[in-house]
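Here the protein sequences line up with chains A and B, keeping their order.
Following our numbering, the numbering of the first sequence begins with 13 at its first residue and continues without gaps.
Following our numbering, the numbering of the second sequence begins with 56 at its first residue and continues without gaps.
Careful: at least some of the hints might be erroneous.
To be verified - Derived list of chain B stretches under chain A, where covered just means 3 residues or more per stretch with a C-beta under 8 Å from a C-beta of chain A:
#1 125 to 137
#2 157 to 170
What the hints assert, rightly or not - With a Cα cut of at most 25 Å, we get these calculated PhoX-like pairs of lysine-lysine:
#3 A/Lys271 - B/Lys138
#4 B/Lys225 - B/Lys138
#5 A/Lys256 - A/Lys245
#6 A/Lys269 - B/Lys138
#7 B/Lys138 - B/Lys65
#8 B/Lys249 - B/Lys195
#9 A/Lys88 - A/Lys316
#10 A/Lys269 - B/Lys249
#11 A/Lys271 - A/Lys256
#12 A/Lys271 - B/Lys225
#13 A/Lys256 - A/Lys269
#14 B/Lys65 - B/Lys249
#15 A/Lys256 - B/Lys138
#16 A/Lys156 - A/Lys316
#17 B/Lys225 - B/Lys249
Treat the hints as calculated values from the structure; they're not laboratory data.
Everything numeric in this text was worked out from a predicted model, so none of it was measured.
Cβ atoms here follow ideal geometry from the backbone N, Cα and C, with glycine treated the same way.
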Amino acid sequence: MNTRPIPVPPQGARLQWRLDQPFRLKHVVIVILIFALLILTGHRTEMDRMVTMTTQAVGNLVGLNDESQVVRGLSKVADSMWPPQLATSEDIGRMNDFNPDDLSWFARVETRETTTQRINEETLQLESATETTEVLYEPLGYLKTVMGKMIETLEIALWGTILAVSLSIPLAWFAASNYSPNRVTYTLARGFISLLRSVPELIVALFLVLAYGFGPIAGVLALGLHAAGFLGKFYAEDIENADKQPQEALEAIGAGKIKTVLYAVMPQVLPQYVAYTAYILDRNLRMATVVGLVGAGGIGQELKGRFDMYDYGHVMTILIAIFLFVFVLDQLSARIRARMI
Amino acid sequence: MNQTPQPMVKLSTIDKTWADGTRALNSVDLEVPEGQFCVILGPSGAGKSTLLRAVNGLVRPTGGAVHVDGVELTPANERDIRKRVAMIHQHFNLATRASVAANVLSGALPDVSLARALCGWFHPQQREKACHYLERVGLKPEHLHRRAGELSGGQQQRVGIARAFMLDPKVVLADEPVASLDPQISRDILTLLKDAARELNATVVCSLHQVDLAREFGDRIVGMRSGEIVFDGAPDEFDDQRLNRLYQNADWGDGEPDTSREDTPELEAAGGM
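Produce the complete structure using the sequences and hints provided.
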């Protein structure tokens, strides 16, 4: 043991007391540099224009300003989005399996007269021609479509989560330094987990749509792969940080690694695992509405289609449905969480 | 003392030097015959835990050999030998969030297939045995489904003992089993351990630091200090003078073995088994 005596100042020596100001010139320079950088990047991201336009919009709303591009744009969209489109009408002539005796609820057949004006090529006069078509009008038909798409979205989120959990359990085993068979498997598993986590769902979905085509397969895979990166990391870290004592007890009787994890680690980490998985399910439910924008199924795909066809009434219905859906799910998950803890 | 021809546990000149150069065990020789309750006594840092862990391979000695029931312990047969060597821990080492039943049943895991372990579907005989031992250690049926962490320290160690006996061990290693319990409960626990071991004719190697308990329960007392055995004899040979020598100017840290052993040759001379 090389214990050195604690240095004690000699008796009677004056101690040097000094209490500096918290800032020096160095700090001022750093603050100025940060400000300069902020101004530069703010200009590049058009933050100055954003402030001007927003001020104009506010001025327009309170009546100080006549013209505002923002208000004009927004009101145009709002006009075309209201009222939300709930009904569908379909040309009976184009329906193959139309059966007038077997209509769904509230559905009725309507006769539509469309008058078109066209130039008579002989007389070169405008003549109006009236066409009569029979359409099947369903007052809540579009709502039904949206509900169907919503359920599909829910299913995508659910299967994305199931896929993530079943992928991340073996990944976590190899990514936990105290159970991974060797250094190579550990590094590989950690690397794979980082890779999965680093690519956003939307980009994964973009590529998977190319591979699997439009529809929910790409959505489920995209959500599952990304979430497996999250869960693998968290599961592995919990295994690493678990209390070593019960593990030693089972190791001491030769129970083997897998059984040791099952009986000495799992009871400790299970509540955390449930919490992580619930978070991932919650996140996937919200992300499932978005991945459809690149064609990966669910309500997002419907939204993108309608948006591209300028059917803003339909878009409004979808947006309200998404809002209600997320709101109800938030309430539900808050209630379930409160009951579990 | 009658010594059987083949000792149940045999340590031959085992050394253990930690990575930082600390010598935890210094050519220790120890033979424990079948059925003996052997108490290892000594101050903290004497190497008691290291010695116990060398028996089941949790600590790999840097030198010497370990034989359990005549078979040399090697990394290859480690798992087979561990099945017959139970261990009881100072901090109970239970899965505190799991039920008492799951903890006791986990003592039978080496004998259970992975599929059964995954579902928790233990054999009916194993379930019966778990109940039998829980009753034997003085717990009640209502404890079965309680979380192990909710029990008191003494009750947790009872669960630990029940778990240790699930595989009918030949050897029970008890590492300071009563260090964190009060004296009366300590006595109860050691009585239980000794009786249960006697029923199975199991050999017990138990480290303790309470001298009165060592004298009361040990068939034999092995005194350790600074990684060496400095006393080995029957409890009545271990008088107060020897006790004082064992603990006198003890090296409480994990430092090098000091030279005080050479000043007390009579301690070694007492090793008359």
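Verification of the hints:
1. 125 to 137: holds (count 5)
2. 157 to 170: With 7 residues in contact (Cβ-Cβ under 8 Å with chain A), the coverage given for the segment 157 to 170 of chain B holds.
3. A/Lys271 - B/Lys138: Holds, at about 14 Å.
4. B/Lys225 - B/Lys138: At roughly 9 Å apart (the allowed maximum being 25 Å), B/Lys138 and B/Lys225 satisfy the hint.
5. A/Lys256 - A/Lys245: Since the Cα atoms of A/Lys256 and A/Lys245 sit roughly 19 Å apart, the hinted pair holds (cutoff 25 Å).
6. A/Lys269 - B/Lys138: 14 Å, holds
7. B/Lys138 - B/Lys65: Within the cut-off at roughly 17 Å; holds.
8. B/Lys249 - B/Lys195: 21 Å, holds
9. A/Lys88 - A/Lys316: At roughly 19 Å apart (the allowed maximum being 25 Å), A/Lys316 and A/Lys88 satisfy the hint.
10. A/Lys269 - B/Lys249: This hinted pair is violated, its Cα atoms lying about 31 Å apart.
11. A/Lys271 - A/Lys256: Roughly 14 Å separates the two Cα atoms, so the pair holds.
12. A/Lys271 - B/Lys225: 22 Å, holds
13. A/Lys256 - A/Lys269: Holds, because 13 Å separates the two Cα atoms, which is no more than 25 Å.
14. B/Lys65 - B/Lys249: With Cα atoms ~21 Å apart, B/Lys65 and B/Lys249 stay inside 25 Å; holds.
15. A/Lys256 - B/Lys138: 20 Å, holds
16. A/Lys156 - A/Lys316: OK: A/Lys156 and A/Lys316 at ~18 Å, within 25 Å.
17. B/Lys225 - B/Lys249: The hint holds at about 13 Å.
When held up to the earlier numbered hints, the structure conflicts with hint 10 and nothing else.
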